[in-house]
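Enquirer: Spelled out from the first residue to the last, the chains are:
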Amino acid sequence: MPDLWLVALSAAAAAAAAVLGVIPVIVSGEVSPRLGWANALAAGLMLGAGYVLLQQGITLSPVGGIAGSVLGVTFVFASHRFTNLADVDLSRPQDLTSATVPQIVTRELLHSAAEGVAIGAGFLVDPRLGLLMAGTLGLHNVAEGAAISAALIERGWHPGKAALLSAGTMTSHVPAAVATAAWIGAGGRPWVLGFSAGAMFYLILVELMPESYRQRGPTGIAITASAAMSVVVLLHAILVG
Amino acid sequence: MPAVVVVLLAGLITALATGLGAIPFLFVRTLSPRVIAFSNAIAAGLMLGASFTLVVEGMPFGTWQTIIGANLGVAFILITQFLLPDEGLEFGELKGGGAQKALLMVIVMTAHSFAEGVAVGVAFGGGESLAVLITIAIAIHNIPEGLAITAAMRPRGASIASSARWSIFSSLPQPLMAVPAFLFVDTFAPVLPYGLGFAAGAMTYMVFRELLPDAYADATRPEVGLIVSLSFTAMVAFQLLL
Ligand SMILES: [Zn+2]
Ligand SMILES: [Zn+2]
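From first to last, the protein sequence lines stand for chains V and X.
If you're matching positions, the first sequence starts at 1 in the numbering used here and goes up one per residue.
If you're matching positions, the second sequence starts at 1 in the numbering used here and goes up one per residue.
If you're looking for bench data, these hints aren't it; they were derived computationally from the structure.
Glycine is no exception: its CB is placed at the ideal position from the N, C-alpha and C atoms.
Label pairs and their calculated CB-CB ranges:
id, chain 1, residue 1, chain 2, residue 2, range
1, V, R214, X, F184, 43 to 53 angstroms
2, V, T59, X, L9, 31 to 41 angstroms
3, V, P127, X, I136, 32 to 42 angstroms
4, X, V4, V, R128, 40 to 50 angstroms
5, X, T80, V, R34, 22 to 32 angstroms
6, X, P60, V, D3, 25 to 35 angstroms
7, X, I160, V, A186, 41 to 51 angstroms
Construct the complete structure from the given sequences, taking the supplied hints into account.
Expert: Spelled out as structure tokens, the structure:
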């Protein structure tokens, strides 16, 4: 079993990174387009790492890896549906103003739980992969924290409170990551690897890429593509040799 | 039969298999904006999966070389797209912006099979016992890639027949490169990771630059998310388990 304290600590650090995204919002009063760089990079890293997780899952068990991925895709799709926010784009404050705070919180808690599973699954394979997952999702949380807190500040929230709530919704990383690392045995491993990959692919496509297109255009795309390819090769070199 | 002829024939078979990817489109009669968006989403997922396979194939020949190749591939398409005019360009029956995108797609997929052709040749050079297996594997691997090309070209106005022709064309470098690579393994093996990485980087960039935005244009984000994630998973599983 992986070191559960390390799992909990890195998942918590990833959640806390959301606060970093709030600072520029407080300073400038809006979501800085510069956060598009973090977003584009996070999309590439999540995609590449997700591919490696899927590959590891399918290699352990084709059925588990593939079905796990389908489940991961379905989970995030269903959780967006469940909160009636399927077509709400988090990165557009005008979209978010139509959503209620409980809706946003529920959706973010579920979404972050799926990402927590990915952190735990990374640790199941190799501590270095776990740390990379936490760092990658932390980077993604910076951009996401900015989007959520901007929407809250817009509707009159105090910036400090907005920062706490947006980071708070990501704390579901911690129980999800720890539970995955602690309870998933050899038989469940391909399933959680596939699940993490599928959930991240879906999130990249419905949230990160559309946001990156708006904020950074072709150069953002180049960053995403470079990061995705480079991280796959590096992870492969570390894990498979 | 001399070994060289076997390698050439093997490469030809794999190239022709790419054309089979156009077949599913015989059953799709009307090209409404939503069908076009779905088609782009399928192409995006399949091509993304194929580029990850490609970059992993490069690894045994050199880690850093593969990474350098991938980043050169991204830079290459970024620059080419700035230089290629998108007006007044004609490609087959296509004109203008659609022609630019379709032409880039064929260039990228041709570069990809260039690299894969070298990989086939180098693999054959390693011993003939695996030859038949490798040929079958590459041929089957090419079918969904032909599907990806057709799914990308159809929405831009190309006919099914010409999509199939361009699919096969894009794979012709496989036999053409396999033979010299087989004969001169020692010369080709060192450049292989650069080539495979280059093709992978170029393909990934094309997916994000062209296919995905066109998918978002006429389908909802959840629809695009579902189709791309699932076709990506299918392609990864397919190429991994082969
Ligand atoms: Zn997230
Ligand atoms: Zn291929």
